[in-house]
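As a plain string of letters, each chain reads:
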Amino acid sequence: MAKMYLNRAIAAAVAEEMARDERVFLLGEDIINCGGGLSTYLGVPEKFPDRCLDMPIAEAGYTYFGVGAAVAGLRPIVDLMFSDFATICSDAISNGSAKVAFSTQGKCGCPIVFVMANGGRGTYGNFGSGCHHSQCVESWFQNVPGLKVVAPYYPADVKGLLKASIRDDDPVIFLFHEGSTGVSGIVPDEEYVIPLTNAANILQEGDDITIVAIQSMVPIAVKAVETLKKSGINAELIDPRVLIPLDEKKIIDSVRKTGKLVVVQEAPRRGSFGGEIVSTVVEKLNGQNISVKRLGSLNAPIGNGMVEYFLVPKEEDIVNAVKELCQK
Amino acid sequence: MEYSKQDLLDMYYHLVNGRIFTGKMSQAVNDGHIRISYHSAYGEEATSIAVVSALRKTDWIVQSHRVQPASIMRLDPYKFICELFGKRDGQHFGTGYDFHLSDMAGDGRLGVPMATLGSVVPMYVGFAWALKQQKKDEIAVVFQGDGALSEGVCYEAFNIGSLYKVPMILVINNNNWAMTTPLNRQCVNPDISDRAKPFNIPTQIVDGSDLLALRQAMDKAVVLARNNEMNVVEVKNLRWDAHYVRQNSSYRDDMDEIRDAMVNKDCVKIYENYLLKKNLIDQEYIDKLKKDCAAHIDELIQRAAACEYPRFEDVYRKECIYTMPETGGDL
Numbered sequence: 001m002a003k004m005y006l007n008r009a010i011a012a013a014v015a016e017e018m019a020r021d022e023r024v025f026l027l028g029e030d031i032i033n034c035g036g037g038l039s040t041y042l043g044v045p046e047k048f049p050d051r052c053l054d055m056p057i058a059e060a061g062y063t064y065f066g067v068g069a070a071v072a073g074l075r076p077i078v079d080l081m082f083s084d085f086a087t088i089c090s091d092a093i094s095n096g097s098a099k100v101a102f103s104t105q106g107k108c109g110c111p112i113v114f115v116m117a118n119g120g121r122g123t124y125g126n127f128g129s130g131c132h133h134s135q136c137v138e139s140w141f142q143n144v145p146g147l148k149v150v151a152p153y154y155p156a157d158v159k160g161l162l163k164a165s166i167r168d169d170d171p172v173i174f175l176f177h178e179g180s181t182g183v184s185g186i187v188p189d190e191e192y193v194i195p196l197t198n199a200a201n202i203l204q205e206g207d208d209i210t211i212v213a214i215q216s217m218v219p220i221a222v223k224a225v226e227t228l229k230k231s232g233i234n235a236e237l238i239d240p241r242v243l244i245p246l247d248e249k250k251i252i253d254s255v256r257k258t259g260k261l262v263v264v265q266e267a268p269r270r271g272s273f274g275g276e277i278v279s280t281v282v283e284k285l286n287g288q289n290i291s292v293k294r295l296g297s298l299n300a301p302i303g304n305g306m307v308e309y310f311l312v313p314k315e316e317d318i319v320n321a322v323k324e325l326c327q328k
Numbered sequence: 001m002e003y004s005k006q007d008l009l010d011m012y013y014h015l016v017n018g019r020i021f022t023g024k025m026s027q028a029v030n031d032g033h034i035r036i037s038y039h040s041a042y043g044e045e046a047t048s049i050a051v052v053s054a055l056r057k058t059d060w061i062v063q064s065h066r067v068q069p070a071s072i073m074r075l076d077p078y079k080f081i082c083e084l085f086g087k088r089d090g091q092h093f094g095t096g097y098d099f100h101l102s103d104m105a106g107d108g109r110l111g112v113p114m115a116t117l118g119s120v121v122p123m124y125v126g127f128a129w130a131l132k133q134q135k136k137d138e139i140a141v142v143f144q145g146d147g148a149l150s151e152g153v154c155y156e157a158f159n160i161g162s163l164y165k166v167p168m169i170l171v172i173n174n175n176n177w178a179m180t181t182p183l184n185r186q187c188v189n190p191d192i193s194d195r196a197k198p199f200n201i202p203t204q205i206v207d208g209s210d211l212l213a214l215r216q217a218m219d220k221a222v223v224l225a226r227n228n229e230m231n232v233v234e235v236k237n238l239r240w241d242a243h244y245v246r247q248n249s250s251y252r253d254d255m256d257e258i259r260d261a262m263v264n265k266d267c268v269k270i271y272e273n274y275l276l277k278k279n280l281i282d283q284e285y286i287d288k289l290k291k292d293c294a295a296h297i298d299e300l301i302q303r304a305a306a307c308e309y310p311r312f313e314d315v316y317r318k319e320c321i322y323t324m325p326e327t328g329g330d331l
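Protein chains in written order, with our numbering: chain P, 1 to 328; chain F, 1 to 331.
The set of hints was computed from the structure by calculation and includes no laboratory data. A hint or two may mislead.
[Claimed, not checked] Stretch-level coverage of chain F by chain P, calculated; a stretch enters the list once three of its residues show a Cβ under 8 Å from a Cβ in chain P:
{"no.": "1", "region": "28-39"}
{"no.": "2", "region": "187-196"}
{"no.": "3", "region": "311-323"}
[What the hints assert, rightly or not] Computed beta-carbon distance windows for the label pairs:
{"no.": "4", "chain 1": "F", "residue 1": "Asp107", "chain 2": "P", "residue 2": "Asn95", "range": "22 to 30 Å"}
{"no.": "5", "chain 1": "P", "residue 1": "Asp54", "chain 2": "F", "residue 2": "Asp314", "range": "41 to 49 Å"}
{"no.": "6", "chain 1": "F", "residue 1": "Phe312", "chain 2": "P", "residue 2": "Asn198", "range": "21 to 29 Å"}
{"no.": "7", "chain 1": "F", "residue 1": "Asp314", "chain 2": "P", "residue 2": "Gly287", "range": "42 to 50 Å"}
{"no.": "8", "chain 1": "P", "residue 1": "Ala19", "chain 2": "F", "residue 2": "Leu280", "range": "22 to 30 Å"}
{"no.": "9", "chain 1": "F", "residue 1": "Arg56", "chain 2": "P", "residue 2": "Ile186", "range": "48 to 56 Å"}
{"no.": "10", "chain 1": "P", "residue 1": "Ala19", "chain 2": "F", "residue 2": "Arg35", "range": "49 to 57 Å"}
{"no.": "11", "chain 1": "F", "residue 1": "Glu308", "chain 2": "P", "residue 2": "Thr280", "range": "32 to 40 Å"}
{"no.": "12", "chain 1": "P", "residue 1": "Pro145", "chain 2": "F", "residue 2": "Asp282", "range": "39 to 47 Å"}
[Claimed, not checked] No more than 27 Å apart at the CA atoms, straight line, and that leaves these computed lysine-lysine pairs for DSS-like:
{"no.": "13", "chain 1": "P", "residue 1": "Lys249", "chain 2": "F", "residue 2": "Lys318"}
{"no.": "14", "chain 1": "P", "residue 1": "Lys47", "chain 2": "F", "residue 2": "Lys132"}
{"no.": "15", "chain 1": "P", "residue 1": "Lys314", "chain 2": "P", "residue 2": "Lys257"}
Even for Gly, the Cβ is constructed at its ideal location relative to N, Cα and C.
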């Protein structure tokens, strides 16, 4: 077991999969000279020079390039640097890759992974990069059937799930958190893959309330759970890790037990994935007495610098939400 | 370049069949069999025929507006008509129409198209690069219209395609109209292929009414593409029909030009006269061929009209939404 920074975990996953399958290739901006805009592929271009493509600053064009290559039988990893740039290539992702299986009636798939840094550095109180480099975009893709959305936090999860995403025959939006590229964690030495199905991880068991924390909110929720213990509240903490397909069963089973659910995410509250999780749970547990609460960023664009921190949910927000529900 | 008698007659067959098919589909709109916009290839059929004739069966074409005559050279025309009619015997159970029609697994080699305009240009730059990367001796030909070439991604594609040297041809069907907007209200320079030149992409401009000239241009383009040189062939056509069949075309201010083109610039008549002059065909041959093609297409239309519409379970199978249905969650 080695301690590994998140960017190294991504590079290791990509290198292992490129060694395993020669159809896998990597394309994006600044791949060759700095291992991608966020240095997530260090060492990969040296190992696989024929399968690492530097692209001009043309996200729409090269994302379509990837979709075409996937249709032709290769398995591209398209690096988009920041997830905010996904809008530039949303036609290639949402109208292109997501529709291939259906429009060929299952005769052709689109095995492609779109890798992007999600969220902002301001989430953890650092100087943030503003409204075009800090957004959490997982909710933008939830309404496009055909896409899968993976949003892990810890390096070990990132590595295992990225390997599964590359092996997956469908288009996958793979989001790692921008604020966590400098986060290190224990990553197993041996080869492992974390399947995209049933991927939710119960980080803490508890009977009083269920907390579902998405990506950047996981470490904050971990702290909140510890704080709540001191007040005698035993919260069950779930990290879904994969949003599509969502591991509904673990979440629903937990809420059936606790009767209370707090969902916390960095994305703006309105129209968010957290709302989808709440809806799913409420619908499945109709007739039972359940209280729910959604926590998310304010419905506002993100400013540069320290103001980013104003918008995002914090530990005390989770603690207060839990206490509010537990008092009822 | 000299073409064999068989080659010349094959092209004539496809041209006549394409023209008759085009007319019959317009009629099918009037008869209520086709119930969404049909973008007729009327007057532009030679473009389709020249492209497909110049290719090997292993090369790829990507469907767009007004290239149905190309599609029926590659695909069972019954399956294609069923797609247009939305019937379950279609290539994709009638869900594809022509915009979403592909044959990735069969012999047709129709690439997956996109109905958002311009997007297939970068997509098939990537596709063609993947063909090269896999050492397949195949090329891809993408059709797009003059209107689609206003999409910005086309120019990202020119840049990436020339940088990565891909075996691809872009055929621009410049028919002077983008829906209801004439070319002179879309851009200043009517030669759209000029826009590829700054990317060091070779370009040709050809008259769409001259099948042989088109074929020669395509032959040159194919040689370039097989050498991994992405290139552009711009075909100057005139759209004889409205944007879609039965569209009110009162916006057209070029009716005299169309009437003149129908007499003097008809690709079928021009090619027919060429073959007559070379004594490769005679009037009897022409009449018989036209009669046979019409009878065959009529029969297919009748069969397609009698076919059922798709059922829910034909189409919305989990493996059609996600290739790995077990990972796709609930429908």
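Right, here's what the structure says about each hint:
no., hint, verdict
1, 28-39, "violated (count 0)"
2, 187-196, "violated (count 0)"
3, 311-323, "holds (count 7)"
4, Asp107(F) to Asn95(P): 22 to 30 Å, "holds (27 Å)"
5, Asp54(P) to Asp314(F): 41 to 49 Å, "holds (44 Å)"
6, Phe312(F) to Asn198(P): 21 to 29 Å, "holds (28 Å)"
7, Asp314(F) to Gly287(P): 42 to 50 Å, "violated (36 Å)"
8, Ala19(P) to Leu280(F): 22 to 30 Å, "violated (58 Å)"
9, Arg56(F) to Ile186(P): 48 to 56 Å, "holds (54 Å)"
10, Ala19(P) to Arg35(F): 49 to 57 Å, "holds (52 Å)"
11, Glu308(F) to Thr280(P): 32 to 40 Å, "holds (36 Å)"
12, Pro145(P) to Asp282(F): 39 to 47 Å, "violated (57 Å)"
13, Lys249(P) to Lys318(F), "holds (20 Å)"
14, Lys47(P) to Lys132(F), "holds (21 Å)"
15, Lys314(P) to Lys257(P), "holds (26 Å)"
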